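S.K.: From first to last, the protein sequence lines are chains U and A.
Note that the UniProt record's numbering has the first sequence beginning at 1, numbered continuously upward.
Note that the UniProt record's numbering has the second sequence beginning at 1, numbered continuously upward.
Hints are computed from structural coordinates only; laboratory data are not their basis.
Treat the hints loosely; a few may be bogus.
Across the chosen pairs, the derived CB separations fall in these ranges [what the hints assert, rightly or not]:
| no. | chain 1 | residue 1 | chain 2 | residue 2 | range |
| --- | --- | --- | --- | --- | --- |
| 1 | U | Gly127 | A | Ala127 | 22 to 32 Å |
| 2 | U | Ala155 | A | Gly77 | 22 to 32 Å |
| 3 | A | Met124 | U | Ala357 | 37 to 47 Å |
These stretches of chain U come out as covered by chain A in the derived footprint (C-beta under 8 Å, 3 or more residues) [stated by the list, open to error]:
| no. | region |
| --- | --- |
| 4 | 32 to 40 |
| 5 | 58 to 65 |
| 6 | 73 to 79 |
| 7 | 149 to 162 |
Computed, partial: chain A to chain U, Cβ under 10 Å [what the hints assert, rightly or not]:
| no. | residue |
| --- | --- |
| 8 | Phe75 |
| 9 | Ala103 |
| 10 | Asn244 |
This one's a predicted model, so the numbers in the text were calculated from it and none came from an experiment.
Even for Gly, the Cβ is constructed at its ideal location relative to N, Cα and C.
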Amino acid sequence: MRKTTTTTLAAALLAGGAFAATGGSAQADILFWSTQAAPVEETQAMRGQVLSGFEEAVDYQATDDRGPWLTRIEAELQAGSGTIGLLGALHGEFVSLSDDLVDLSDIELGDVTVNATFQQLGMLGTGEQKYLPWMQATYIMAANRQALDYLPEGADINALTYDELIEWARVLAEETGGPKFGFPAGPQGLKHRFFQGYLYPSYTDSAVTEFRSPEAEEAWNKFKELWQYTSPSSTSYGFMQEPLLTEEVWVAWDHTARLADAFNQRPDDFVAFPAPAGPTGRGFMPVIAGVAIPRTAPDTEAAKALAAYMLKPETQVATLRATNFFPVVEVDLPDDMPASVRLSGQAIARMANADDANPSLLPVGLGEYNGKFNQVFVDAFERIVLAGQDVRQVLDEQGETLRSVMQDSGAPCWAPDEPSEGACPVE
Amino acid sequence: MTAVTARETAVTSADIRKRGRLVFVATIIILCAWVLAPIYLLAINALSSPEQVNAFPKSFVPGFETDSIAFFMGFAGVARALFNSVLVAGITMALSIGLGAPAGYALSRFDFRGKDAFRIMVLMTRAFPLPLLALPLAVMFIRTGLDDTALGLALVHTTLALPFAVLITFSLFAGIPVELEEAAWTLGCTRLQAFYKVVLPLVLPGIAASAVFAFVISWNEVFAAAVLTIENRTLTAFLLQNINVSPMHLKFAGGAVLVVPALIFIFAVRKYLFAMWGIANR
Chain U
1 MRKTTTTTLA AALLAGGAFA ATGGSAQADI LFWSTQAAPV EETQAMRGQV LSGFEEAVDY
61 QATDDRGPWL TRIEAELQAG SGTIGLLGAL HGEFVSLSDD LVDLSDIELG DVTVNATFQQ
121 LGMLGTGEQK YLPWMQATYI MAANRQALDY LPEGADINAL TYDELIEWAR VLAEETGGPK
181 FGFPAGPQGL KHRFFQGYLY PSYTDSAVTE FRSPEAEEAW NKFKELWQYT SPSSTSYGFM
241 QEPLLTEEVW VAWDHTARLA DAFNQRPDDF VAFPAPAGPT GRGFMPVIAG VAIPRTAPDT
301 EAAKALAAYM LKPETQVATL RATNFFPVVE VDLPDDMPAS VRLSGQAIAR MANADDANPS
361 LLPVGLGEYN GKFNQVFVDA FERIVLAGQD VRQVLDEQGE TLRSVMQDSG APCWAPDEPS
421 EGACPVE
Chain A
1 MTAVTARETA VTSADIRKRG RLVFVATIII LCAWVLAPIY LLAINALSSP EQVNAFPKSF
61 VPGFETDSIA FFMGFAGVAR ALFNSVLVAG ITMALSIGLG APAGYALSRF DFRGKDAFRI
121 MVLMTRAFPL PLLALPLAVM FIRTGLDDTA LGLALVHTTL ALPFAVLITF SLFAGIPVEL
181 EEAAWTLGCT RLQAFYKVVL PLVLPGIAAS AVFAFVISWN EVFAAAVLTI ENRTLTAFLL
241 QNINVSPMHL KFAGGAVLVV PALIFIFAVR KYLFAMWGIA NR
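Work out the full structure, taking the sequences as your base and the hints as a guide.
M.R.: Spelled out as structure tokens, the structure:
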């Protein structure tokens, strides 16, 4: 008995020694450290179809968990030497790293035309190009075709209002034997983005300033009404494509990349359409991801070449196929794109070009307070909708929390709130 | 009359024994189901096609579609990550037993100043959450060159596993009467020989159990592994952060890929574990 244990241990240690001896040599790849395209299939596609075309070998590592992502890059910055060549993340995730990112304005992009608004965002309020826009997405609605039969009289699916959506959800719940509207309110769900970028802008034309206004109260009461006809399993949903595919849910709101599987697996059974509109317009929130280079990158020139490669039209189309995030440069999409691209692309265009379109930005300038900011909305949702507490009281209390978050972070207002001097106020 | 009563009594006592047996069997079935049902569900879903996984009601027979599993086998770097995981867990096991068992022995056999304080302090390494420790650790590792090595990560995991190794081995050694050792000394053994020939065979199963525990702690740890390794990722760090945002069928397949090696390991060392329970029953 003892002998086998000792032998096993010896073997393990021996292997360890042998491994340590060989481990150090193979480290020429550019490390692409990303928070995007984390689902395994997307990671696989990024490696196999997008980055394989680059002249040098790229090690693409994606994690959905911001903790390790940020801790690792912070450690490298503090230690003053690193292995990460290129960072890929959302706009908001770069903000706290701003001082440690290399200026990218000297990258030669050739005849590529980058979306000017996004490029401006990438300067993070400084005079330098802190990150280059990489890809974009947004949140839309999806429905099973069966649900279309229950649409309220006179409602146009491409120009729904919140009242019509509630009515639709009510009819579905009453006539199909159970609630058929689904909402990603689970731990992995993106519910806070719905409140920040859809519900609030649609009712108050604001996400921060009017947080506790009477209009906000109305918005929450509308959402409570909708919640009555929402599938109770919603509190466990992360990606709405799954309940849509199992038909537990017929109508849902989610991120385009989180609906893509449903569109791709059964393109004929689903429709994509714009988010509903409220009294102050059709609120929606584009998501922008970018690439940046930390000052500790082992080979800045190679990393810059990779960043330029990511913006080439062919790479952007390949990225769209791999991740369902749309290009940020001018590009003609080929005809053979997957169903999800066709369906969501149409819905996004309708939403962005609607007369009452009211786009809002992802929170800007919050840095490390991003999580707390989101938590204000999540807590308000849990207290008002799940716990049934008094709307006025919850908004007053959460409004105080929001005010202190804004003051601590010092972030000025972003669209659709009016620009402010200093920290964005909560009225 | 008396005969009848006697027979009735006999019947009831047999009846009670039968019922007791029923409860016993039912408990065993529930306990087995508790462990086996999730593994079974994992297995059938990992072996089904995406449509079958998303379908309702669920089938209890696997579709024997190996696409999802094959996806992971073809996922760049899985084999290497698996090797790293086993390596890190192996080193963690060796270090935590190599350091923990002597500490446990000392705690059980000797009186020294600060013994009680030591027993509490050894638990303190668990008091700080890893996300808090990971940043300074990573900075230090990058500076010293331990960054991205199996040994560096194993050191962190050993810190996590050590309190359990010390406390488990302490109670093991405390359960062996010191008289046994003393008897060996009177028969001519040195202190070391007495330990080797008398105490060690008795505690070996228990030590194996705490080694398994150290292995599992290392195998399951994600945060430190995700921050401290880049090229030499462990399987858990490699897959876990990506699986929770992947489609259902890949979650099941990835879960199976993570669970199966650990199951094989525990199966391989099961006889030590059974032996330990044998001691406990005696």
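S.K.: Each hint should be assessed against the structure and marked as holding or not.
M.R.: Evaluation of the provided hints:
| no. | hint | verdict |
| --- | --- | --- |
| 1 | U/Gly127 x A/Ala127: 22 to 32 Å | 46 Å, violated |
| 2 | U/Ala155 x A/Gly77: 22 to 32 Å | 50 Å, violated |
| 3 | A/Met124 x U/Ala357: 37 to 47 Å | 56 Å, violated |
| 4 | 32 to 40 | holds (count 3) |
| 5 | 58 to 65 | holds (count 6) |
| 6 | 73 to 79 | holds (count 5) |
| 7 | 149 to 162 | violated (count 0) |
| 8 | Phe75 | 6 Å, holds |
| 9 | Ala103 | 18 Å, violated |
| 10 | Asn244 | 7 Å, holds |
Checked against the numbered hints given earlier, this structure breaks hints 1, 2, 3, 7 and 9; the rest are met.
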